[in-house]
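Trainee: So the chains spell out like this:
Number of protein chains: 2
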Amino acid sequence: MSVRSVAIIGLGLLGGSIGLAIGARGLPITTTGWDRDPAVRARAAQRGLVATVCDTAEAAVSGADLVILCVPVGAMGDAARAIAPGLAPHAIVSDVGSSKAAVADALSQALPDACIIPAHPVAGTEQSGPDAGFATLFAGRWCIITPPEGCDAGALQALSEFWTALGSKVELMDAGHHDLVLAVTSHIPHLIAYTIVGTASDLEDVTQGEVIKYSAGGFRDFTRIAASDPVMWRDVFLSNKGAVLEMLGRFTEDLTAMQRAIRSADGEALFDLFTRTRAIRRAVIEQGQDDGRPDFGREHGD
Amino acid sequence: MSVRSVAIIGLGLLGGSIGLAIGARGLPITTTGWDRDPAVRARAAQRGLVATVCDTAEAAVSGADLVILCVPVGAMGDAARAIAPGLAPHAIVSDVGSSKAAVADALSQALPDACIIPAHPVAGTEQSGPDAGFATLFAGRWCIITPPEGCDAGALQALSEFWTALGSKVELMDAGHHDLVLAVTSHIPHLIAYTIVGTASDLEDVTQGEVIKYSAGGFRDFTRIAASDPVMWRDVFLSNKGAVLEMLGRFTEDLTAMQRAIRSADGEALFDLFTRTRAIRRAVIEQGQDDGRPDFGREHGD
Chain A
1 MSVRSVAIIG LGLLGGSIGL AIGARGLPIT TTGWDRDPAV RARAAQRGLV
51 ATVCDTAEAA VSGADLVILC VPVGAMGDAA RAIAPGLAPH AIVSDVGSSK
101 AAVADALSQA LPDACIIPAH PVAGTEQSGP DAGFATLFAG RWCIITPPEG
151 CDAGALQALS EFWTALGSKV ELMDAGHHDL VLAVTSHIPH LIAYTIVGTA
201 SDLEDVTQGE VIKYSAGGFR DFTRIAASDP VMWRDVFLSN KGAVLEMLGR
251 FTEDLTAMQR AIRSADGEAL FDLFTRTRAI RRAVIEQGQD DGRPDFGREH
301 GD
Chain B
1 MSVRSVAIIG LGLLGGSIGL AIGARGLPIT TTGWDRDPAV RARAAQRGLV
51 ATVCDTAEAA VSGADLVILC VPVGAMGDAA RAIAPGLAPH AIVSDVGSSK
101 AAVADALSQA LPDACIIPAH PVAGTEQSGP DAGFATLFAG RWCIITPPEG
151 CDAGALQALS EFWTALGSKV ELMDAGHHDL VLAVTSHIPH LIAYTIVGTA
201 SDLEDVTQGE VIKYSAGGFR DFTRIAASDP VMWRDVFLSN KGAVLEMLGR
251 FTEDLTAMQR AIRSADGEAL FDLFTRTRAI RRAVIEQGQD DGRPDFGREH
301 GD
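Keeping their order, the protein sequence lines are chains A and B. Be aware that the first sequence starts at 1, since it is given in UniProt numbering, and climbs by one per residue. Be aware that the second sequence starts at 1, since it is given in UniProt numbering, and climbs by one per residue.
In short, the hints are calculated from the structure, not lab data. Errors might be hidden in some of the hints.
When chains are identical, the list treats them as one kind, so a pair holds in a single copy or across two.
Unchecked claim - Calculated lysine to aspartate or glutamate pairs in the DMTMM-like style (CA-CA distance at most 25 Å, straight line):
{"#": "1", "residue 1": "K241", "residue 2": "E126"}
{"#": "2", "residue 1": "K169", "residue 2": "E268"}
{"#": "3", "residue 1": "K241", "residue 2": "D266"}
{"#": "4", "residue 1": "K241", "residue 2": "E171"}
{"#": "5", "residue 1": "K241", "residue 2": "E149"}
All figures in this text were calculated on a predicted structure; none of them were measured in a lab.
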């Protein structure tokens, strides 16, 4: 089978970008969409995120080969129940959530008879909502598919081809391992960024104005991540609790070691870590996962 | 007085950018420079970072109105001793170091009779060396000057005008307060970034290859900061120990609170923090301290 029609449930950054990518690449796939917020539906129709914005989830998924749930992971169960009455028997149900074991559970409970194949495109920006999406969001990025046991091979093939057609590179992974990997490459970085921005804005001896003025020293990078969607991220931490707490434990151990090195003026320990981490940056750039220009290619005034 | 000649000691990212900015803005200021590394001196001459690259520090500062030490903060004392024999009696000695109380001490010990006015332009990239500098690095960025007690008013005025002429906005601050503010807006963010990149590369259950592949989930931002110059940053932590440990304590308290919120599934605490931090990002952008485009304006492939 190959995917000829896609229904997108949730028309924010991810859902909108999928619709725009299908259009921009001229793929022979019809698109429908729905969002529970009428204002988002109206804006999605204006921007043409999908060909047809429907008034109900049921109508949006009617006859679709592939349904992609693009909602916060805590809302997956509700979204799945909303589409249930309209779902075609042959439809693949997938998603874009940042945690995968919890989503797989929620979807299989809500849709016990459906062909469910969770997925996670590792792509995004700090923006959200129907104006945030753009057609090239997935280009060159990895999409991790976490097929459940006994998953239909043809459906898995079709979903992989779909993401490849959007410009992604596809990797298959066990849901539990996905959650561990993403805890360290995404969830902990977000938690740390949110926390330090919170810490900085709560100090008595340094004003918020000073924090903002002198943010170019490094802090501003963290403010970008800490501007990400609050509902989405609340749900990520609640749904990937085990892996997040595990990785957070490793991080705080290492941070305590650095604290001790600073306190005891152990310059060698600091220098060793600071040298080792440069190699990771080089690899990230070499593998096309970031812009290699200084400062992410940020524009500097004149 | 106004500055007619500048000697730049250390021709890396900061020193090179000062020289290039003077040239690009057509300021009526002659530039000389020196670096202790002959290869850096050769490259600086090729790139024209300053008008005259000298063979000794003494020659470079001879007759200069303003000498700017652009070396790691741990090397300030040595640099100051190297320039001592050539320093003109009227010269202002300044620097660009990221910690200020320790630098003020080191400089006044090495040059007890000189007019010393430490400064810190809050600008930079993750790159270093004689190829890293560019003329617009300081445009729109703050330069914090920390005049010592009894500082000559005319000299302070001349230094302020110099940084303003490079496109910076100047702020005067007590050295101790500077060190506290920068601990939170720069030093702790760097320490956290170095640490999480180290943690991620040391895991047994997640490979380094996976960390790199899926870095677009947030981690890649931290790899940029963690690619910063190791010597410079080792010295920052050793020289600003008190303020860094103080701010690190606040951060880890807050991180522990977030850890508890995740463990006890307190979604409200997470949502509250994640909402509050968005306002800081907006202020950073409104005040021109970061690129407001999604993802720092990073290019997305097609």
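Trainee: Give a verdict on every hint.
Mentor: Results of checking the hints against the structure:
1. For a Cα distance limit of 25 Å, the shortest separation of K241 from E126 inside one copy, 22 Å, qualifies, whereas the shortest one across copies, 33 Å, does not.
2. In this assembly of identical chains, K169 and E268 lie within 25 Å of each other by CA distance neither inside one copy nor across copies; the values are 40 Å within and 36 Å between.
3. Taking the closest pair of Cα atoms, K241 and D266 come within 25 Å of each other only across two copies (11 Å); inside a single copy the shortest separation is 34 Å, beyond that limit.
4. For the homomeric pair K241 and E171, the shortest alpha-carbon distance inside one copy (23 Å) is at most 25 Å, but the shortest distance between copies (44 Å) is not.
5. Taking identical chains as interchangeable, the C-alpha atoms of K241 and E149 lie at most 25 Å apart only when both belong to the same chain, with a minimum of 23 Å there against 53 Å between chains.
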